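**Q** Between the sequences and the hints, there should be enough to build the whole structure, so can you do that?
So the protein sequences, as listed, match chains A and B.
Using the numbering used here, you'd call the opening residue of the first sequence number 1 and step up by one each time.
Using the numbering used here, you'd call the opening residue of the second sequence number 1 and step up by one each time.
Honestly, the hints are just simulated from the structure, not real lab data.
Computed from a prediction, not measured in an experiment: that's the story for all the values here.
Don't take each hint at face value.
Stated by the list, open to error - Within a straight-line C-alpha distance of at most 20 Å, the following computed SDA-like cross-link-like pairs (lysine to any residue) qualify:
hint, chain 1, residue 1, chain 2, residue 2
1, A, K307, A, E196
2, B, K165, A, P5
3, A, K307, A, G288
4, A, K307, A, V206
5, A, K476, A, F511
6, B, K81, B, F331
7, A, K476, B, F331
8, A, K165, B, P5
9, A, K567, A, P539
10, B, K476, A, R126
11, B, K315, B, F331
12, A, K165, B, R9
13, B, K429, B, D168
14, A, K476, B, E424
15, B, K359, B, G326
16, A, K390, A, E196
17, A, K429, B, P5
18, B, K538, B, A550
19, A, K416, A, L89
20, B, K315, B, K359
21, A, K429, A, T83
22, B, K81, A, A36
23, A, K165, B, R503
24, B, K538, B, R562
25, B, K429, A, P5
26, B, K416, B, R428
27, B, K476, B, R528
28, A, K476, B, Y125
29, B, K538, B, A563
30, A, K165, B, T4
31, B, K390, B, D228
32, A, K538, A, E555
33, B, K390, B, A377
34, A, K567, A, G179
35, A, K315, A, E90
Protein chains: 2
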Amino acid sequence: MRQTPLFGRTLREAPTDAQTPGHRLMLRAAIARPLAAGLYTWLPLGFRVARKVEQILREEQDRIGGQELRLPVITPAEYWKETGRWDSLEPVAFRTRDHGGHEYMIAYTHEELVMHHARNEIQSYRQLPAIVYHFQEKGRDEARPRAGLLRVREFVMKDAYSIDKDWDGLDRSYWAEHGAYARSFERMGLDAVSVESDTGNMGGDVAHEFQVLSEVGEDRIVLCSACDYRANMEKATRRVVPGAAVAADGAPTRIATPGVTTIERLEATLGRPAGAFLKTMLLRAGDGVVAVVLPGDREANEAKLRKLLGVNEVKFAGEGDFAAAGGVAGFVGPVGLKARVILDTSVEDRPYVAGANAKDAHLDRVVPGRDFQGERADVHDVRDGDACPKCDGTLRIVRGVEVGNIFKFGPYYADKMGGTYLAEDGTRKPLMFGSYGIGISRAVQTVIETHHDDRGIVWPISVAPFEAHVVALPMKDAVVVAAAERVVADLEAQGVEVLYDDRDESAGVKFADADLIGIPFRVTVSARGMKAGTVEVKPRERTEVENVPAADAAERITGLVRAARAKLQ
Amino acid sequence: MRQTPLFGRTLREAPTDAQTPGHRLMLRAAIARPLAAGLYTWLPLGFRVARKVEQILREEQDRIGGQELRLPVITPAEYWKETGRWDSLEPVAFRTRDHGGHEYMIAYTHEELVMHHARNEIQSYRQLPAIVYHFQEKGRDEARPRAGLLRVREFVMKDAYSIDKDWDGLDRSYWAEHGAYARSFERMGLDAVSVESDTGNMGGDVAHEFQVLSEVGEDRIVLCSACDYRANMEKATRRVVPGAAVAADGAPTRIATPGVTTIERLEATLGRPAGAFLKTMLLRAGDGVVAVVLPGDREANEAKLRKLLGVNEVKFAGEGDFAAAGGVAGFVGPVGLKARVILDTSVEDRPYVAGANAKDAHLDRVVPGRDFQGERADVHDVRDGDACPKCDGTLRIVRGVEVGNIFKFGPYYADKMGGTYLAEDGTRKPLMFGSYGIGISRAVQTVIETHHDDRGIVWPISVAPFEAHVVALPMKDAVVVAAAERVVADLEAQGVEVLYDDRDESAGVKFADADLIGIPFRVTVSARGMKAGTVEVKPRERTEVENVPAADAAERITGLVRAARAKLQ
Numbered sequence: 001m002r003q004t005p006l007f008g009r010t011l012r013e014a015p016t017d018a019q020t021p022g023h024r025l026m027l028r029a030a031i032a033r034p035l036a037a038g039l040y041t042w043l044p045l046g047f048r049v050a051r052k053v054e055q056i057l058r059e060e061q062d063r064i065g066g067q068e069l070r071l072p073v074i075t076p077a078e079y080w081k082e083t084g085r086w087d088s089l090e091p092v093a094f095r096t097r098d099h100g101g102h103e104y105m106i107a108y109t110h111e112e113l114v115m116h117h118a119r120n121e122i123q124s125y126r127q128l129p130a131i132v133y134h135f136q137e138k139g140r141d142e143a144r145p146r147a148g149l150l151r152v153r154e155f156v157m158k159d160a161y162s163i164d165k166d167w168d169g170l171d172r173s174y175w176a177e178h179g180a181y182a183r184s185f186e187r188m189g190l191d192a193v194s195v196e197s198d199t200g201n202m203g204g205d206v207a208h209e210f211q212v213l214s215e216v217g218e219d220r221i222v223l224c225s226a227c228d229y230r231a232n233m234e235k236a237t238r239r240v241v242p243g244a245a246v247a248a249d250g251a252p253t254r255i256a257t258p259g260v261t262t263i264e265r266l267e268a269t270l271g272r273p274a275g276a277f278l279k280t281m282l283l284r285a286g287d288g289v290v291a292v293v294l295p296g297d298r299e300a301n302e303a304k305l306r307k308l309l310g311v312n313e314v315k316f317a318g319e320g321d322f323a324a325a326g327g328v329a330g331f332v333g334p335v336g337l338k339a340r341v342i343l344d345t346s347v348e349d350r351p352y353v354a355g356a357n358a359k360d361a362h363l364d365r366v367v368p369g370r371d372f373q374g375e376r377a378d379v380h381d382v383r384d385g386d387a388c389p390k391c392d393g394t395l396r397i398v399r400g401v402e403v404g405n406i407f408k409f410g411p412y413y414a415d416k417m418g419g420t421y422l423a424e425d426g427t428r429k430p431l432m433f434g435s436y437g438i439g440i441s442r443a444v445q446t447v448i449e450t451h452h453d454d455r456g457i458v459w460p461i462s463v464a465p466f467e468a469h470v471v472a473l474p475m476k477d478a479v480v481v482a483a484a485e486r487v488v489a490d491l492e493a494q495g496v497e498v499l500y501d502d503r504d505e506s507a508g509v510k511f512a513d514a515d516l517i518g519i520p521f522r523v524t525v526s527a528r529g530m531k532a533g534t535v536e537v538k539p540r541e542r543t544e545v546e547n548v549p550a551a552d553a554a555e556r557i558t559g560l561v562r563a564a565r566a567k568l569q
Numbered sequence: 001m002r003q004t005p006l007f008g009r010t011l012r013e014a015p016t017d018a019q020t021p022g023h024r025l026m027l028r029a030a031i032a033r034p035l036a037a038g039l040y041t042w043l044p045l046g047f048r049v050a051r052k053v054e055q056i057l058r059e060e061q062d063r064i065g066g067q068e069l070r071l072p073v074i075t076p077a078e079y080w081k082e083t084g085r086w087d088s089l090e091p092v093a094f095r096t097r098d099h100g101g102h103e104y105m106i107a108y109t110h111e112e113l114v115m116h117h118a119r120n121e122i123q124s125y126r127q128l129p130a131i132v133y134h135f136q137e138k139g140r141d142e143a144r145p146r147a148g149l150l151r152v153r154e155f156v157m158k159d160a161y162s163i164d165k166d167w168d169g170l171d172r173s174y175w176a177e178h179g180a181y182a183r184s185f186e187r188m189g190l191d192a193v194s195v196e197s198d199t200g201n202m203g204g205d206v207a208h209e210f211q212v213l214s215e216v217g218e219d220r221i222v223l224c225s226a227c228d229y230r231a232n233m234e235k236a237t238r239r240v241v242p243g244a245a246v247a248a249d250g251a252p253t254r255i256a257t258p259g260v261t262t263i264e265r266l267e268a269t270l271g272r273p274a275g276a277f278l279k280t281m282l283l284r285a286g287d288g289v290v291a292v293v294l295p296g297d298r299e300a301n302e303a304k305l306r307k308l309l310g311v312n313e314v315k316f317a318g319e320g321d322f323a324a325a326g327g328v329a330g331f332v333g334p335v336g337l338k339a340r341v342i343l344d345t346s347v348e349d350r351p352y353v354a355g356a357n358a359k360d361a362h363l364d365r366v367v368p369g370r371d372f373q374g375e376r377a378d379v380h381d382v383r384d385g386d387a388c389p390k391c392d393g394t395l396r397i398v399r400g401v402e403v404g405n406i407f408k409f410g411p412y413y414a415d416k417m418g419g420t421y422l423a424e425d426g427t428r429k430p431l432m433f434g435s436y437g438i439g440i441s442r443a444v445q446t447v448i449e450t451h452h453d454d455r456g457i458v459w460p461i462s463v464a465p466f467e468a469h470v471v472a473l474p475m476k477d478a479v480v481v482a483a484a485e486r487v488v489a490d491l492e493a494q495g496v497e498v499l500y501d502d503r504d505e506s507a508g509v510k511f512a513d514a515d516l517i518g519i520p521f522r523v524t525v526s527a528r529g530m531k532a533g534t535v536e537v538k539p540r541e542r543t544e545v546e547n548v549p550a551a552d553a554a555e556r557i558t559g560l561v562r563a564a565r566a567k568l569q
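**A** In structure tokens, the structure reads:
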């Protein structure tokens, strides 16, 4: 298409509040524009990219037998109430109400609705397995929309749902989706790794995230340097390597620590390393008080605690709880505490300094298991250099952008919603369920975050808005214009997608825009080239140009385009 | 694809509350399923139809230079407030609020948002004209969702917006869209006519609707029997043909009409036809009272009144208004009334009986223009047999389904929102605006309403979910299954879209489902056919079958499919 009427203008400078390189380039290249925080319009260039991402996802879902359908955005409260998510999603959901007073959620996701259809449409084992999917808007009232399209409040998700007879079937569907995800990301030029993840507010137990490693990511990913162990921070574990044995020479003794209420100050006051102390956190969980005990040099992991305690949110204990448990703020310790005690797996069986449950006092020589009891559980963050739980390697922590996630629910939704089918043995069994999501807008910006240089975007051809960018210079030269239009027509006849820069602008402006927009092949038809009978071809990712006889230009460029496409198919 | 895992089961009977033939068939054939009143999920068969409709619309928008983009569904209140539609659309809109208290509308339409982008992206006349469009959900809180997909509360609309420099440009864009609409409907098998229409709550002045004539339609369309005059009831006018002259022999005289408060009872009491009376309606409009005077045999047209009075809703006058105007309920008349009087164009200059503004009394021999004055305006409904306003023909009224509408706004939105561009003469001028909408779900059901028989749907091939339906009978016959799978593979290799009925069901069930689903060509591979070496081919719209040698079946069917496609391209 011609560039003159292209809706959406490129910007010389990004707005100062743009947070990442991809955010800046996305705005400057007119990929999308905000209407409000986290609410974006795809401009025509960006929408072409989004459609190509969508088509890749569609083809890979179809390849594993997916059936496309389309659920609505406005979803009745009644279905969400069946699983309890009407309430649990409230903090992050947009709700609405019709003029008759009925309540709806702007779909945060679509599990409940798909399960509702499944329980009505699927009657017999003969109809299983089934995978259905759709591309549909999701509304998520994120408190902090971030970095352009990386975290938004409305976005189109490709969400797929697998429905199976049993765990074996679900396992096959789950790994079929895992494979489809791996192929999809590869085709769009994203180097995504799958990591074990927590299921959060989705229900179920097994889940993976696909993460693209990038400094702009919000997530912390744990990788083994030696084996294929990969998990996100919420789920990652480590092999606990005990330190040298330390003799427990005697009973706990009280030491005065006036005003010393933090691990840091204990280190300074007593001259011992953080790992020599126990920190004890008092939490509220349901009706009771829970004490979580960790070594002073380890951080608690909130996701692990949420899961262990079965709560949506971890809350610290209040004053009354301290009194009831017999603890004193700043000096809480596990010895003699009247509370359920969770003892983190990183706490060793050796003497520690712990709070004395008395103002301005700690206990020295506190030995877990001897001086107090507790339930062992892994509730700590792993950190750089920890031992891999699977091999002798060490773990490292990197940042990642979560571009997809997959969940193996099993009978979780069927049990809550009465989703059953008639099995071969004549009994009714629960529909085994999985769900699989990819957000289009985050995928597009992640491609930009990982495919650019200091002049602009460098699109992988599979998702580029166009494949060739024909630049005519100058437009007032009739010979140039005729030759450029000939190249455009010839390329389009060969099925190459062409943006034709027919604007009456300088070479500087046109080349800067071409680099910014980042179409894979720039084709320059210039007055100087015409004199030599050549057209200049430059792949966006290279600096050197190639001068091709004008008569062969379309054929040469088509060949380059096809070769580039083949690499990402 | 195989029919066994197809998500969505056919129904022997439609729910008893299904309102039209298309509604019943849409549900029975598993095209879509409701989640609540007016909120539907496209099942896989239906979604294939919806996608084909979408693709036809996309191609026709692209043909006239449309650029596809995508705006969000959740739209900030601030843009709607610029035009006043935040308030005026409230009765039919879904609204939401984020956790920070900001307000949003689930987009009812997208004019304000497109104009917002246009005022930012378009700086100079060089960028014009532009047509942008998208496919996006709309939320409309219809008080009465109706007949399945004919009137829903959420639907995907193809909405296009033209932006031009001046009226001439807008006129070109408007008629380009008119042509694109005509081609789009023709390609999807809809016989749509364009009629002049009112602009309602959209703003602007010129508009057309595309109507498919059908008994199931809610709209009343006025057609001339002789010329091309077409309008919807809200806009239609007629040539007023005066009756024979009647002498006005004398001043008005009072007649006693105790308890006679309706035209019907006046006819009975006085023995004169309805047209001999004037009916006078007292309305509220803004701060004042308006009297609308029509002949007793004509109905007032609410849309014409809304437009004339500049109100969103026509309200009847209250008791205080009657007192202020000097009218008595049931006996109101224009003579001596203290109110603005609208005199409908169908009222002739001859004597009528009118209310006397006194209880139990009318006036005889009231002559408009002599005994009272009023502003002449066309505020009546036309009716069957009226004279065409354009020729000597007569008008008839038929029912129609509105499948598309187009609006020529001119500077309406630009003026309200500050949308200007730098013109060639160096001045800033308003962006001239038009908008153009088609709802996908209504289009799909309208196709069903106009393409079915008593056994099921008869899809036009351009929008059929599949093109050929291969039925194997019985599935336990290995020879039949092998032959059927060969036909399926050969057809798919030729690019024919095939649904393969591989279910272990009886011939009766399979044929009934094939007729219900309505794929254009049914291909039956049976044991009996195999013995004769033939495959049976039956177009859905015919009763006769054709037996084709099995070896030639794929070629023959491909030929039939291509010929059918060619008719709708």
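**Q** Work down the list of hints and note, for each, if the structure agrees.
**A** Hint check:
1. A:K307 - A:E196: Since the Cα atoms of K307 (chain A) and E196 (chain A) sit roughly 15 Å apart, the hinted pair holds (cutoff 20 Å).
2. B:K165 - A:P5: It holds: about 13 Å lies between the C-alpha atoms, which stays within 20 Å.
3. A:K307 - A:G288: holds, 16 Å
4. A:K307 - A:V206: holds, 13 Å
5. A:K476 - A:F511: The hint holds at about 17 Å.
6. B:K81 - B:F331: Status violated; Cα separation ~43 Å.
7. A:K476 - B:F331: violated, 78 Å
8. A:K165 - B:P5: holds, 13 Å
9. A:K567 - A:P539: holds, 15 Å
10. B:K476 - A:R126: Holds. K476 (chain B) to R126 (chain A) sits at ~15 Å (cutoff 20 Å).
11. B:K315 - B:F331: Given pair K315 (chain B), F331 (chain B) holds - Cα atoms ~19 Å apart, limit 20 Å.
12. A:K165 - B:R9: With a Cα-Cα distance of about 18 Å, the restraint between K165 (chain A) and R9 (chain B) holds, given a limit of 20 Å.
13. B:K429 - B:D168: holds, 14 Å
14. A:K476 - B:E424: holds, 18 Å
15. B:K359 - B:G326: Within the cut-off at roughly 11 Å; holds.
16. A:K390 - A:E196: Status holds; Cα separation ~13 Å.
17. A:K429 - B:P5: With Cα atoms ~18 Å apart, K429 (chain A) and P5 (chain B) stay inside 20 Å; holds.
18. B:K538 - B:A550: Holds, because 14 Å separates the two Cα atoms, which is no more than 20 Å.
19. A:K416 - A:L89: Holds - the C-alpha atoms of L89 (chain A) and K416 (chain A) are around 16 Å apart, at most 20 Å.
20. B:K315 - B:K359: violated, 23 Å
21. A:K429 - A:T83: holds, 18 Å
22. B:K81 - A:A36: Holds, at about 15 Å.
23. A:K165 - B:R503: Judged against 20 Å, a Cα distance of about 18 Å means the pair holds.
24. B:K538 - B:R562: holds, 15 Å
25. B:K429 - A:P5: Satisfied, since the Cα-Cα distance of roughly 18 Å is no more than 20 Å.
26. B:K416 - B:R428: Between K416 (chain B) and R428 (chain B) the Cα gap is close to 15 Å, so the pair holds against 20 Å.
27. B:K476 - B:R528: Between K476 (chain B) and R528 (chain B) the Cα gap is close to 14 Å, so the pair holds against 20 Å.
28. A:K476 - B:Y125: With Cα atoms ~18 Å apart, K476 (chain A) and Y125 (chain B) stay inside 20 Å; holds.
29. B:K538 - B:A563: Within the cut-off at roughly 15 Å; holds.
30. A:K165 - B:T4: holds, 15 Å
31. B:K390 - B:D228: holds, 9 Å
32. A:K538 - A:E555: Holds. K538 (chain A) to E555 (chain A) sits at ~15 Å (cutoff 20 Å).
33. B:K390 - B:A377: holds, 18 Å
34. A:K567 - A:G179: holds, 18 Å
35. A:K315 - A:E90: Roughly 18 Å between the alpha carbons, so the hint for K315 (chain A) and E90 (chain A) holds.
Violated hints, in rising order: 6, 7 and 20; the structure is consistent with all others.
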